[in-house]
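Residue numbers (this note's numbering), protein chains in the order written: chain X, 1 to 582; chain Y, 583 to 1166.
Calculated directly from the structure, the hints in this document are not laboratory data.
C-beta atoms are modelled at their ideal positions from N, C-alpha and C, and glycine is treated no differently.
Hints are not guaranteed to be accurate.
Unchecked claim - If you want the ones that stay clear, here's a sample from chain Y, every Cβ over 12 angstroms from chain X, calculated:
#	residue
1	Val706
2	Arg729
3	His832
4	Thr934
5	Arg935
6	Val937
7	Phe999
8	Glu1013
9	Glu1054
As the list claims (entries may be wrong) - Derived EDC-like pairs (lysine to aspartate or glutamate); straight-line CA-CA distance at most 16 angstroms:
#	chain 1	residue 1	chain 2	residue 2
10	X	Lys505	X	Asp290
11	Y	Lys879	Y	Glu1054
12	X	Lys569	Y	Glu745
13	X	Lys569	Y	Asp653
Stated by the list, open to error - Where chain X lies over chain Y, by a calculated footprint (3+ residues, C-beta under 8 angstroms):
#	segment
14	646 to 653
15	719 to 726
16	730 to 743
17	1150 to 1158
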Amino acid sequence: MKFATALTAAALLVSGAAFALHAAQTDAVLDAMQAELKRSMTLTLNQLDKPYYLSYTVDDEHTWSASASFGGLISSNNSDYRVPRLRLRVGDYKFDNSNWTGSNAAGPRYNLRAFPVEDANPLVLRQYLWLATDSAFKGSLQSIARKRAALRNVTVSEELPDFAPTKPFVQIDDFRPIQFEAKVWEDRTRRISAVFNQFPNLRNADVAYSAVDSLHRFVSNEGTHVRVQESMGTVEIQAAAQSSDGMIVRDLAIFYTRDPAKMFPEEELTKAAHSVGEQVLKMAAAPLGDNYTGPILFEGQASPQLMAEILGRNLHISRKPVSAPGAATQSTSTELEGRRGVRIMPEFFDVTDDPTAPLFGHEVVDDEGVPDKPISLVEKGVLKDFLRTRQPVRGYDDSNGHARLSGNYGAEIPVPTNLIIKARETSPLSDLRKKLIDLIDQRGLPYGIIIRKMDFPSSASIDEARRIISAASAGGSSRPISIPLYVYRLYKDGHEELVRGERLKGVNARTLKDILAAGDDSITFNYLDNGAPFALLGFGSGAAEVSIVAPSVLIDDLEMSKVDDEMPKLPLVPAPLTLSQK
Amino acid sequence: MPSLALNEETPPFMLSSSIVNIMKSAGLLAIAAVAFGQSANRAANDGSHVVLDTMAQELQRNFDALKKKADPAPYFLSYEITDQDTHTISATLGVLNGSDAGRSRYLDVTVRVGDPKLDNFRRVRGERVEFTGGAAVPIDDAVAPLRQDLWLETDRVYRASAERLIKIKTNQQVKAADRDASSDFSSEESYAHVEAPATIRFDQKRWTDSVRDLSRDFVKYPDLLSSDVQVSFQSDTRYFANTEGTKVQHGRDFSRVIITASAKAKDGMDVSDFESFEAADPKDLPSGDVIKAAVEKVGEHVEALTTAATAEPFVGPAILSGRASGVFFHEIFGHRIEGHRQKDESEGQTFTRSVGEKILPEFLSVTFDPTIKRIAGVDLNGWYEYDDEGQLGRPVKAVENGVLRNFLMSRSPIEGFDHSNGHGRRQPGLEVVSRQSNLIVTSTRTVSDQKLREMLIDEIKKQNKPYGLYFEDITSGVTTTQRSGLQAFKVVPVIVYRVYADGRPDELIRGADIVGTPLASFAKILATSDKQSVFNGYCGAESGSVPVSAVSPAILISEIEIEKKDASQDLLPLLPSPLLAGLQ
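Next up, chain X with everything else stripped away, as it sits in the complex:
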C-alpha cells in the first residue's frame, strides 16, 4: 500500500516536470500538422521545383451570435468549425511561385469537405492536409513555370527576392475554453433592441452581438510552432431614419472586447442604443449641409477614425506583381511610399505601433508566424519605418510582424496593431475651439466645422458605398475615405448646429501635414480591419483587431461638399410605430 502511494507521487512529479517543460496541453491537431508538414516537404515531381516553404494554419472557431430588431430576435446561431489554410512555395527565397499575377493557379480539386472538428483519428486530419498540400504543390509548379515564361517577355524594373527568411519562433499556450452564456445574450440583445420602440420614426434599427473563442495554430517547415488563444466579442447597434426630403441618415455604435466572457454591461449598451436612436432622429431633422472650405476640428473618436484611414492604411509599401505583358494587376501604391525620411506630419507628432500594449490590437505573433515587435513609425513628424510582412519591398527585405490580412499573389497585407499617435504640444479642447473660431474670423467664414464621428467602420449599404466611391473619384481622390456622420457648424458666438449630408473631399495622407494643433486628450478607437473600403461591415476577407490612439486634431484647408444623390421618396403608408398601439 505504502509502496504504491510512493510510486504515484513519483509519477506525478515526473509528469509535473514534463508539463513545466512543454507548458502545454497535448494537441492532436498540432501533432498532425507537424507530421504531415514534415512528410509533405519530400514532395517531388520529375525534375521540377521542390517545396522550400510550407506552413499550415488551423484555427478552431467557436462562435455565438444573434441579432434583434425592435424587440424581436431576427437570428441566433452558434457553430464550431475549423479553418485550415496553407502556404506552399516552390523554388527558393529569391525566386518562387509568388508575386506574380498567376500565383493562384489551381491544382487538382479533390472534393475536399469541411475540415474535421474532432481529433479522435489524427490520420483523418492528415488526410485533409495531404490532399490540400498535393493540390497546392501541383498548382505552385504551374505558377512558377508560367512566371518564368512570362519573364522571358518582360523586364522587371527592380529585382527583389520573393520571400524573406525568418528565425524560428515557438509559442505554445494552453487553451482555456470560454464559458459563454448564449441564452443570456440572446435575451439581452432582444431587450436592447426594444429600446428602439421608443423612437417610432426610425426606419430600421438592429442590435447584433457575436462572440468568438478561437484557437490559432501555425506550423512551418522553418521550425515555427504557434498555438495561441484569440477570442473576441462584438456588439453592433445601428439605426436609420429618413429626412423629410428623403435622405436616409444612419448611425452605428460598435463595442469590441478581447474577453467575450465579460462582454459589456447591459446598462452601457442600453444607453448607447438610446443615444443612437436620438442622434439618428436629430440627424434626420437637421438642415442639409453646404459646401465648405476651411479648418475642421476632429473631436473625440473622429480623430482616431480619420487616422485609421489616412495614416493606418498608408503605412506600408505595396509591391507590384510580375505580370504577363499587357495584363492588368490589382495593385495600388500607398500614399506614403517613397517618403521614408520625409516629414509627413507636424514636428510635434510621434507615431508608434505597439502590439504589446494591453489594447484591442494586442498580438503576439502575426499570420506568417513572425513575432510582433513595437516599432517607431514617425519621429518628430518624420516617417521612419513601415509596417512590413515577409514580402520583400523596395528598401526592406525583412518582416516586422504585421502580416494580418490575406492579400493577393501569395502575399499578406500589413495592418497596424495598436497604432499610437502622440503629440508633444497639446492644447485643451476649449483652446482648439477658440482657435477654430479665430481662424474663421480671420478668413471671413460664417462658421467652422467640428466632426465628432466618422462612418468608419461603415454600416453603409453596398449601393451607398458605391455612390461614395464614385463621388470621390469624380472629385479626384484615388482612395475615398468614409463620410463624416456627426457634423456640427460652430458659429462665432460659440453655438453649434448639427448638419447632415456632407462628404469630405480630397482628404488623404498629405492632409496630415495640415494639422494645426492637437488636443490634450487621447482617444482610443477600436475596430476590425477587413481590408474593405471604409472597413465596410460584412465585406472584405478576414479581420484584424486594431486600436488607434490619437488626440483630437484641428486641420486646416479641408474641403467638404454636400451630397447631391437622388433621394428615395418617403413611404406613402405611415410607419406602423407612429400609429397608436392597439
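Chain X is already provided as a structure; the job is to place chain Y on it using the hints.
Chain Y alone, transformed into the frame defined by chain X:
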C-alpha cells in the same frame, strides 16, 4: 436551364445564391436528389396566430393606404413568410466535420399594380421579373418588428412594381403584340387554413453518434479521396395572406441521410457515387444496418469505378432504372410543360401547340401530384398542401395515354388555361413561377424486370450492337428550354453497365453522359417495368430551388446516345494516403 440534383449546392434558405445567379445568366434548369414529407403533428391549433394575424392586418392597412394615395394604385397585395428550422450534421471517416443548426424567417412581398389583364408581372421577352428580396424578419412571434419589416418591404416592392408597369406600358406601344394575349393574373378561389407549427424533434445527440459511426466504415476503402455521411432535418412553416382574403398557415418536415464518396481514376477522371434515404420524420429513417449496407455499397462502387472501363460514344438500346427514368422525365418533359414558358417568346415552346396531340407512346401517362405523400414506401419530396400563391395543390394529369392534356399552372394564365392548378412555387426571395411537384410516370405496358432485360438483349441483337446499356443511378441532369440555346438535355449517370447479348457478365463503365433532344427521345420508349421507384431531389430554375420528386418504372429505350464526360487529367496524389498502414 432547369436542372435536378441530389443535393442542394445552396440551401434554400440562403438567398441571392450562386445557383440563382447562374440561372439568370445561363437560363439553366436543373435537378438534384432529396426528400421531404408530411407532418402528422400539425393538426393542433392553439388559437394564437401572431404572425398570420399581424401579416393580415398590416396587409390591409398598406393596401388601403396605397389604394388611396398611390399612382398607379395596386390592385393586389400578398405576403408570404417562410420559417425554416434546419439541422445538419456530417462526418467523414469516423470524425465530425460539420454541425449546424439555424432558424430563419424570410418575407416575400408581392404587389400588383395595373390590372389583371396587364400588370407589373407581364413577361417581357427574356427579362426576369424580380421584386421581392426575401427580407429576414424576426423569428420571435413579435408584433412590432414584424410590422416594421412588412411596412418597409411593401414600400420598396410597391415602388419597383410601379416603375416596371410604367416601363412595360411604354414597351407595349413600341413592340408587336404578343402571340399569347392572355392576362397576367388569374382570378382564383380564396382559402382559409391554419395548422399549428411543427412539433417534430430532431435528436441531435443520437444522429451525431450515428453519422460518426456510419462514416467510419469508409476507412475500409483507402482509394477514396473523400467521403462523408450527412444527416439533415428541416422543418418549414409557411404563412401566406393576400388581399383577396386568403389566409393560410401550413408546414412540412423533411429529413434525409446522404452518403457520398469520390475518388480519381488513374487517368485523372473524377468518379463518385451516392446513396440517400428520406423520411418526413427522422425517426422513420432506416435503421443503422440499412445505412451501413449503403455505405459499403457506395465504397465498393467508387473503388470499382476507379478501375472501370471508360465509356465510348455510343448509340443503341438501354434500360433506365426507375430513378434514372424519373430524372429523365423531369428534365426532358417536366420543364417543358411549366405554364409560364408557353407564353415567353424567348422559350423554345416544344409543347405549346401540342395539347390534344400524342407526344408519348400511348401506354404512358404522366401526372404531377403534390397531394401524394408516399409511394413505394418512400416519403415524397414534392409534397405540399398549398403553393406559394396560397393555392391548394392539386393533381395535374399532364399526359393521358400518350396525349398532352395540361400544363403546370401558377396564377399566370396562358392561352386556353385560365386558372392555377396549384403549381406556383419559389425559393424564398424569388418570384413565383410554375414548377414541378411529384412527377409520376405510369404505364400500361409493364413487364417484370427480368423480362425487360430479355427485351433489351433482343433489341441489342436486332440492332446488331455489341452491347446495350443499363443506367442504374443518376445524380443530376440539366436541360435548356430557351430558344437561344439548343433544345437539348444532359443527364449525368453515376452507375452505368454495359449489358452484353452473348451472356458475358455486365461491365461497369465510367464517364458516360446521356445526351439527346426531347421529342426524338420519347418516341423510342418500348416498354416499362412493373415496379415504381422514387428519386427525391431539389429542382433549380428561375424561382430557385424547390423540393421535388420523380417517380417512374424502369424504361426500355430502343436508342439512347451517350457522350464522353468532360474529365480532368490531374495526376493522382504524389504521396500515399496517410490512412495507409505504416504512418501511425
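Q.
Name the hints, by number, that the structure is in violation of.
A. 2
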